[in-house]
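These are the residues of each chain, in order.
Protein chains: 2
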Amino acid sequence: MNGAVDLPLGLAELSFRAAGESLVRRSVLPSGVRVLSEQVPGARSATIGFWVAVGSRDEQPTGAGHPATYGSTHFLEHLLFKGTAGRSALDIAVSFDAVGGEHNALTAKEHTCYYAKVQDRDLPMAVEVLADMFTSSLLDAGEFETERGVILEELAMAGDDPADVAGERFFSAVLGEHPLGRPIGGTPETIRAATRDAVWEHYRANYRPQDLVVTVAGAVDHDELIRALERALSDAGWRMDEPGTPVERRTAEPAPLERGPELTVVERPIEQVNLLVGVPGLVASDERRPAMSVLNAIFGSGMSSRLFQEVRERRGLAYSVYSFAPAYSDAGLFGMYAGCAPQKAGTVVELLRSELERLAEHGVTPEELARAAGQLGGASALALEDSDTRMSRLGRAELTLGEFQDLDEALRRIALVTADDVRALAADLVSRPYSVVAVGATDEAALSGAAEAVSATSVA
Amino acid sequence: MNGAVDLPLGLAELSFRAAGESLVRRSVLPSGVRVLSEQVPGARSATIGFWVAVGSRDEQPTGAGHPATYGSTHFLEHLLFKGTAGRSALDIAVSFDAVGGEHNALTAKEHTCYYAKVQDRDLPMAVEVLADMFTSSLLDAGEFETERGVILEELAMAGDDPADVAGERFFSAVLGEHPLGRPIGGTPETIRAATRDAVWEHYRANYRPQDLVVTVAGAVDHDELIRALERALSDAGWRMDEPGTPVERRTAEPAPLERGPELTVVERPIEQVNLLVGVPGLVASDERRPAMSVLNAIFGSGMSSRLFQEVRERRGLAYSVYSFAPAYSDAGLFGMYAGCAPQKAGTVVELLRSELERLAEHGVTPEELARAAGQLGGASALALEDSDTRMSRLGRAELTLGEFQDLDEALRRIALVTADDVRALAADLVSRPYSVVAVGATDEAALSGAAEAVSATSVA
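Chains as they are written, first to last, in the UniProt record's numbering: chain A, 1 to 460; chain B, 1 to 460.
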């Protein structure tokens with residue numbers, strides 16, 4: 001069996017061959033822990049991830065007796081590296097460094113993932129150390145204070161990067177007050193106000209057996225993985241025989257969006273202005289996601305894309321220009337980025353908008369459609385050579401989509417997209433309210449030109 | 001045969017098995033074109049690179065009747081994507097995008113490389129398109145002007161990134177007037193002054209058969225590759241039967257260095273200060289390079305390294321902190337980076353320096369030595385799973401080192417490094433003149449503390 005496979009939470013065991021002859025297996029342990037593996041023939045290494053479906057969107061605003069917990073998910077992620085009852089921070093670091101493994105974590109808007117990439121022989125060690133970190137971190141009060149300083153420096157670094165700042169502001173501009181609109185790491189104010197109690201509470205509430213999803217891709221044997229994991233979690237004090245039910249997935253219904261500011265300007269005395277122009281997009285479960293992939297490939301991904309050809313190749317206005325379409329459970333975005341000289345901001349925003357309008361009015365050619373299918377297929381095939389990509393695909397299948405699509409199935413859906421589908425999607429996008437974010441050097445005339453270019457059509 | 005293999009320029013054919021059962025072959029074609037391939041069993045894709053041993057260091061200062069050509073190597077690299085007699089810029093982009101390939105180029109201080117990563121079936125296309133770009137680019141005058149704008153935006157983007165700026169300044173601080181000290185992309189002034197004639201001259205002078213090195217790793221058959229390459233280059237108008245001799249490698253003698261400024265401060269109204277502290281390092285051919293790899297792993301690479309543990313884990317002073325040791329034919333650097341709050345600059349510089357002093361005085365433990373060997377071995381094994389890494393390794397072997405080392409041989413040399421070797425190297429480093437670069441928010445007291453911390457020992 002291969003193609004698209006449903007991952008129903010009630011089913012304990014599932015096993016199938018994916019395209020390219022890898023073997024995908026999924027088990028739900030009695031404790032509620034979910035385990036997904038993809039064994040890739042010939043692989044000599046593996047990537048493993050420990051996931052929970054908790055991200056910055058789940059943090060709480062100021063409430064009775066407590067400040068906002070914004071940033072606490074990311075704060076917790078840092079603290080999991082700072083030591084357990086049995087391992088110091090140095091022990092954890094040494095475990096992976098001594099074998100040349102990669103080892104890190106990622107806090108996102110809807111999930112948190114702790115991962116490692118190691119040679120096959122080191123996978124049992126990775127299971128053990130990650131299980132220890134996940135279950136038994138101390139969140140030592142002294143370490144908490146030290147790490148607060150580290151996180152403030154991380155936020156300062158991101159705040160000094162104009163493209164980073166533009167990206168953060170773009171989310172809040174398009175999504176307004178929706179929790180997905182907030183920055184992942186919190187703000188310096190919420191980090192200064194964070195308490196160990198709140199982060200501890202977050203840890204206790206969300207890092208339980210029924211929250212944990214473990215995904216492994218590469219050189220992995222599913223049965224051995226489960227044995228190693230059961231042993232490691234049980235050694236760490238978890239009751240693996242106590243029955244648990246995996247937590248339900250998030251709602252997939254689009255949330256109503258209250259619009260953020262139409263034009264956001266962050267002045268910086270630098271050379272470029274970083275421009276982001278965009279609209280609300282599609283949710284992750286939207287059936288038009290394959291059409292969105294095709295649209296984005298044709299419109300703003302790669303050197304042959306319309307934005308690259310028009311803005312960079314023909315006009316020389318920007319070095320970096322592209323579009324992107326992130327999707328979450330109940331909201332999404334479609335955005336266009338360009339970094340340019342401040343006096344060109346009006347021209348560039350007008351170009352970005354008019355290229356999207358042109359797509360909505362005139363659609364795409366058969367050649368562009370065929371090329372997009374080839375582009376998405378080839379790029380996916382290359383990406384899947386890396387076990388990182390496969391490990392993440394398993395996590396997304398379990399946490400976000402509720403189904404596993406192998407490469408053949410994903411490409412089958414892409415191949416079904418028609419020129420009409422792409423045009424209709426573009427027409428839908430241009431009917432949504434535009435937001436513009438400008439971070440960097442600003443030129444007043446150019447920016448008011450940019451605002452006009454966008455507001456002229458944002459109620460089309 | 002495997003291990004370390006000399007790559008003498010006079011030998012037309014060489015073939016050997018490298019560690020991990022890949023097959024490495026090298027041919028020198030009658031025209032002087034060099035071809036190296038590494039066939040990796042089971043690979044389904046390949047990475048190909050077209051190299052010349054010309055980089056920013058080879059550019060000319062202002063001379064009789066011409067402005068400085070600084071940045072012309074990078075300018076030329078951009079122009080090779082802009083069209084040939086038979087292919088427009090869009091044609092080139094479409095060729096790779098239509099198959100989802102990666103396609104880009106890299107200008108460095110001592111070489112330029114045009115590369116692509118594609119599925120196995122697309123390798124003949126990649127050979128053909130890269131050969132066309134390499135031999136037959138038009139450098140159209142109109143495209144030249146458009147691309148000047150793109151490159152100015154690229155420089156502006158880099159200039160807006162404080163860590164990028166710190167890196168550029170660090171090279172000129174440590175290497176002084178040495179040509180390796182110059183920024184790769186030139187400056188806005190030299191790009192504005194660049195003429196098509198000068199870039200054309202650069203192209204004609206340095207992109208000849210005897211300059212070209214083609215390296216391919218992954219799913220590749222050496223004989224087929226040579227046939228495809230001979231055909232593509234000959235179709236493009238090159239006389240492949242006209243005998244040529246590959247250009248000699250660069251000198252490997254360390255050049256005398258005139259010291260740059262002791263303290264370089266670039267003020268920016270941002271939150272962090274980006275600090276770089278360092279000294280001249282080792283040239284690429286220095287027999288102490290394996291000891292430098294071990295030193296750098298222990299000192300500043302990975303979460304268990306001394307810098308990470310001391311500056312971030314124990315003190316919480318920085319989010320990003322590490323050391324690095326780039327090596328070129330006749331000069332090298334050893335540097336330490338940290339981004340921190342401006343008022344901590346003095347403390348951090350003092351810490352970086354004193355940690356290096358401690359290494360020079362007290363050396364490393366047997367555990368650290370063993371861990372470094374494991375770290376370098378494991379990380380290399382993981383990196384070599386990617387054909388990109390293998391393709392680059394072949395290029396470095398041919399252009400810089402004059403020998404090919406497989407993983408086993410590289411690790412054998414690492415295993416021979418003793419604690420004394422590391423301590424002696426550290427002692428040598430701390431005896432060299434320190435340079436400090438600070439880019440970002442500055443605190444006068446902290447910076448003068450930083451300068452003192454360094455000058456106190458820089459003539460030890």
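Among the clues, some could well be false.
[Said to hold, decoys possible] A few chain A residues that face chain B, going by a derived Cβ cut-off under 10 Å, partial list only:
no., residue
1, Phe96
2, Glu102
3, Leu106
4, Thr107
5, Arg148
6, Gly159
7, Ser301
8, Phe308
9, Gln309
10, Glu313
11, Glu361
12, His362
13, Thr365
14, Leu376
These are computed hints drawn from the structure, not numbers from a lab.
Don't be surprised by glycine CBs; every beta carbon is placed ideally from N, CA and C.
Each hint, compared with the structure:
Here the hint on Phe96/A is kept, as its CB sits about 7 Å from the closest CB of chain B, short of 10 Å. Interface hint status for Glu102/A: upheld, as the beta-carbon distance to the closest one in chain B is roughly 7 Å, under 10 Å. Against a cut-off of 10 Å between C-beta atoms, the interface hint on Leu106/A is violated, since the closest Cβ of chain B lies about 15 Å away. Because the smallest distance between the Cβ of Thr107/A and any Cβ of chain B comes to about 14 Å, over 10 Å, the interface hint for this residue is violated.
This hint holds: Arg148/A has a C-beta 7 Å from the nearest C-beta of chain B, less than the 10 Å allowed. The restraint placing Gly159/A at the interface with chain B holds, with a minimum CB-CB distance near 5 Å, inside the 10 Å limit. Below 10 Å, beta-carbon pairs count as interface contacts, and Ser301/A has one with chain B at about 8 Å; its hint therefore holds. Taking 10 Å as the C-beta contact cut-off toward chain B, the hint placing Phe308/A at the interface holds, the least distance being around 7 Å.
Nearest Cβ of chain B to the Cβ of Gln309/A: about 6 Å, under the 10 Å cut. The hint holds. For Glu313/A, the shortest C-beta to C-beta distance to chain B is roughly 5 Å, which falls under 10 Å, so the interface hint holds. Because the closest C-beta pair between Glu361/A and chain B is about 22 Å apart, greater than 10 Å, the hint is violated. Among the interface hints, the one on His362/A is violated; its C-beta lies about 18 Å from the nearest C-beta in chain B, farther than the 10 Å criterion.
Here the hint on Thr365/A is broken, as its CB sits about 12 Å from the closest CB of chain B, past 10 Å. A distance limit of 10 Å between C-beta atoms decides the matter here; for Leu376/A the minimum to chain B is near 7 Å, and the interface restraint holds.
Comparing the model with each earlier hint shows violations of hints 3, 4, 11, 12, 13; every other hint is respected.
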